[in-house]
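When you get a sec, could you build the whole thing from the sequences and use the hints?
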Amino acid sequence: MTAELQTPQKYRGLRAESLTGTHALLRALIRLDRLRLPLWVLGIGAMSFYVANAVQAIVSNERELVQMASIFADPVGRLMTGPAFGMDEPTFARFYAAGYVLFIYLLTALMSIFAVVRHTRAEEQAGRAELLRANVLGRHASLTAALLLVMLANLLAAGLVLAGALSGGFPLPGSILVAGSGAAVGFFFAAAAAVASQLTESSRSASALAGGILGTSYLIRMVGDLGGPGGTALSWFSPLGWSQQTAPYVEDRWWPLILPLLFGVVGLVLAFALNNRRDLGAGLLPTRAGSARAPAWLSTALGISAHTLLGMLRGWGAALILSGALFGSYAQTMVETAADLPEQFRRVFTGESVMLGFLAYIGIFLAILVAAAGVSGVRLLRGEELSGRAELMLSAPLSRTRWLSAHVLVLLTGLSLILILLGLATATAAAMVLEEDASARFRDVAVASLHQAPAVLAVLGIVVAAFGWAPRLVGVLGWSLIGYAAFMTNFGRLLELPDILHRFNIFGYLAQFPVEPVEWTPVVLLSGLGVLGIILGLTGWRHRQINRN
Amino acid sequence: MNGMTVQIAGLRKTFGQVQALDGLDLSVAPGEVHGFLGPNGAGKSTALRIILGLLRPDSGTVRVFDADPWRDAVALHRRLAYVPGDVELWPRLTGGEVIDLFLNLRSREAGSSKNRRRDELIDRFELDPRKKTRTYSKGNRQKVALIAALAADVDLLLLDEPTSGLDPLMEVVFQQVIAETTTEGRSVLLSSHILAQVEALSDRISIIRAGRTVASGTLEELRHMTRTTIEVETQRPLTELAQLAGVHGLHLKTSGGSARTVIDVDADHLDEVLLHLAPLGVRSLTAHPPTLEQLLIRYYGDSGTSDAPDEPGDLTLGGTQ
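Chains as they are written, first to last, in the working numbering: chain A, 5 to 553; chain S, 887 to 1207.
Be aware that one or more of the hints could be misleading.
[Stated by the list, open to error] Derived, one-sided and incomplete: chain S residues facing chain A with beta-carbon distance under 7 Å:
hint: 1; residue: L941
hint: 2; residue: R942
hint: 3; residue: S945
hint: 4; residue: G946
hint: 5; residue: E983
hint: 6; residue: L987
hint: 7; residue: N990
hint: 8; residue: K1018
hint: 9; residue: R1020
hint: 10; residue: D1041
hint: 11; residue: L1042
[What the hints assert, rightly or not] Derived CB-CB ranges, DEER-like:
hint: 12; chain 1: A; residue 1: R552; chain 2: S; residue 2: R978; range: 15 to 23 Å
hint: 13; chain 1: S; residue 1: R1016; chain 2: A; residue 2: W259; range: 45 to 53 Å
hint: 14; chain 1: S; residue 1: A895; chain 2: A; residue 2: G479; range: 35 to 43 Å
hint: 15; chain 1: S; residue 1: V1148; chain 2: A; residue 2: G294; range: 28 to 36 Å
[As the list claims (entries may be wrong)] Short derived list, chain A residues pointing at chain S, Cβ under 8 Å:
hint: 16; residue: S206
hint: 17; residue: G387
hint: 18; residue: L396
hint: 19; residue: P401
hint: 20; residue: A410
hint: 21; residue: E523
hint: 22; residue: T525
hint: 23; residue: P526
Bear in mind the hints are in silico, worked out from the structure with no lab data behind them.
The structure presented is a predicted model; accordingly, all values stated were derived computationally and were not measured.
C-beta: ideal position from N, C-alpha, C; glycine also.
Here is the structure:
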């Protein structure tokens, strides 16, 4: 490397001075991220603690463990969670590794991608990198500091994951392997995000590219693991698969981790090489030219609302419809394991037939996520207001009422469509796997999803009302409603909480169709609440000032 | 009322603890370019956003085309167009699409391909309408908003520091286009802290400071009320000059071995000062009218940042202190 110092015009390779300032920058990044990254790290650690201990609280004896294990060993189970090593002789530790560790890996990957993009491409896009680079700071200092920060976070997270696994009384070698595999996933995706940040010009495209690699890894792993217990050759083409192939607590093999480390290093070399070649602020992938004229549909209040909201709706919609199909395909498995489920599980899935209960449960669960899409939609409206785009629109002859009602209309249409399609996807998948009453179940499942529409409408109404009268509260209020509903739906009954706490769960009022028949009173009340909220929101929006901060 | 395009009197607006506007007066006549001049944070943008009906005034009167901008926003917006100082656009739309969007919101004709003015302005401002606005610089985003506003058939343009991101060549194009616009009888309210721009374009100027109007009138009127700077070199020494009424800031400027005396003279004392100078044997003399920088420094610099609550208010200008 020092030999390169003599080439005056062409800078090649990583030179000592290209790292000048890395240390100071790293300290600044730690300070900037003092809240966000620790939350990610704690979240990942908490997940390990929770699962390692909850597994043993829910399943009380060996016999139940064997039955539960069959859910993960089943093809659909492998599709969702991984290769399911050692499920023929399950232990709590193996159960933990087979069923839940994938989510720790996913969170680790997301943490790494977001943090790298946040501190590299996003900084450049915002122009802050330019300000930094104008100081005494080497060419590679930003990238290096971001990567060091992410690896620090990954190591801390791995430490907590290890502690979590050990707190469940799991064997040490396997627990170290689980934690190490997590860090390896984090390293690989940090490197992938570093490359993506060099290639694209905007932080959104960089996140999308790195996120796309993660999504593809997940899909390859799904199909690969579907092939058989322990996965198939295809599983080895997925970075997530590599970490799962370590088979913790079963075979305890270290060598698969060579792959993420090797490819991670290749990625890093590539990222540094690209960083050396390109201009600050520039990307390497060309940005495409668009149309010089707007299509007629875009130039209306509805058109621009659709433009603002469609990306979000498409993303949530695709994910939810796919999840619906996946959950639906679990229906027959539920019928078969119904009799053997442990007591606590049967309490979550109400009703005599576990399968119907399961379908009712996922109807609610997915509807909560549809409502979450509604909340993020209204958050986008707030973003339009704060960025000044709403102000610009309203400086044209467009009334506030039309602006907001166009956005709400697009949101309502989109959410309804998602509910219908996700119901159909779940129902189709369920009808395909079910051996009895397939057509009757198809109708039940499709209706169960649509039956949640009033609750979704109520959440949207409350959030739109907040947008009209107390816009600062939109996010807090919306996400609290969603989080609370998700928590109560999942754990409310398991924890035997007092009745009053159930009252605040908007999703707790509707009858649990198809276990119970549809009740019309809550349907009417919740719909009324939703409509009222939207009207209130429109009134408030007409009377309040447009804010930019 | 009195046929003014914009008429504002005693306008007040507070945000929490901050008094953004504190008795603002402003009037824009039909067909005039009105410069709205003040430093950052003086309340220019707040005033424009009240004129647009985005904010509600706390007290005072605001009439735009003799209507209430808060209540009649939509009807008024058919007759006006706005360019914010800090233009945010939809990152995934192209510049051309955004321009069409705004024109179409006004009328189908404005947004149709028959609108030659749109294409002409795109050419003159050298905007690439096929690029996504995400890739635009601040100046290019501003061009998009400017073109959309200028291509619309409106009676009033509200421009909030519209050229802060434009390069000098585009600034010239902007000035030409605004000059053409006013020959068509439109009014323009041009807020700026870029003095040269206001000087070049405005028929009348209002200077605002800490939320209130401190001066208003044509540039000529404002200049008349202020001091002319004179640089003079004489054969005999200028001993008594400093004692003359209306002479300020006397100092020496040496360049190239010769010393020149520099003074600021109040407009109404110019005559006496020149009579005093003439018998002293003037070798060279240059005089220049006050620039707007000097106007501003007089209104802002002298009393610094501390608010002067006894400020005389609207049209009472000048006066020595």
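Results for each hint:
At about 5 Å, the closest approach between the beta carbon of S:L941 and any beta carbon in chain A falls short of 7 Å, and the interface hint on this residue holds. Taking 7 Å as the C-beta contact cut-off toward chain A, the hint placing S:R942 at the interface holds, the least distance being around 6 Å. Here the hint on S:S945 is broken, as its CB sits about 15 Å from the closest CB of chain A, past 7 Å. With 7 Å as the threshold, the beta carbon of S:G946 stays out of range of chain A, its nearest partner Cβ sitting at about 16 Å, so the hint is violated.
With 7 Å as the threshold, the beta carbon of S:E983 comes within range of chain A, its nearest partner Cβ sitting at about 4 Å, so the hint holds. Using the Cβ-Cβ criterion of 7 Å, the hint placing S:L987 at the interface with chain A is satisfied: the shortest such distance is roughly 5 Å. Proximity of S:N990 to chain A holds as hinted, the smallest CB-CB distance being about 3 Å (cut-off 7 Å). For S:K1018, the interface hint holds, since its Cβ comes within 7 Å of a Cβ in chain A; the closest pair sits about 6 Å apart.
Because the smallest distance between the Cβ of S:R1020 and any Cβ of chain A comes to about 6 Å, under 7 Å, the interface hint for this residue holds. At its closest, the beta carbon of S:D1041 sits 13 Å from a beta carbon of chain A; the interface hint therefore is violated under the 7 Å criterion. Interface hint status for S:L1042: violated, as the beta-carbon distance to the closest one in chain A is roughly 11 Å, over 7 Å. The hinted window of 15 to 23 Å between A:R552 and S:R978 holds, with their beta carbons roughly 21 Å apart.
At roughly 52 Å, the beta-carbon separation of S:R1016 and A:W259 lies within the given 45 to 53 Å, and the hint holds. Take S:A895 and A:G479: their Cβ atoms lie about 40 Å apart, and the range 35 to 43 Å holds. For S:V1148 paired with A:G294, a C-beta distance near 57 Å fails the hint of 28 to 36 Å. Checking A:S206 against chain S: minimum C-beta separation of about 6 Å stays under 8 Å; hint holds.
This hint is violated: A:G387 has a C-beta 10 Å from the nearest C-beta of chain S, more than the 8 Å allowed. Annotation: A:L396 was flagged as interfacial toward chain S, and the flag holds, the nearest CB pair being 6 Å apart, inside 8 Å. Interface hint status for A:P401: upheld, as the beta-carbon distance to the closest one in chain S is roughly 4 Å, under 8 Å. The beta carbon of A:A410 comes no nearer than 12 Å to any beta carbon in chain S, farther than 8 Å, and the hint placing it at the interface is violated.
With 8 Å as the threshold, the beta carbon of A:E523 stays out of range of chain S, its nearest partner Cβ sitting at about 44 Å, so the hint is violated. Hint on A:T525 is violated. Least Cβ distance to chain S is approximately 41 Å, over the 8 Å limit. With 8 Å as the threshold, the beta carbon of A:P526 stays out of range of chain S, its nearest partner Cβ sitting at about 39 Å, so the hint is violated.
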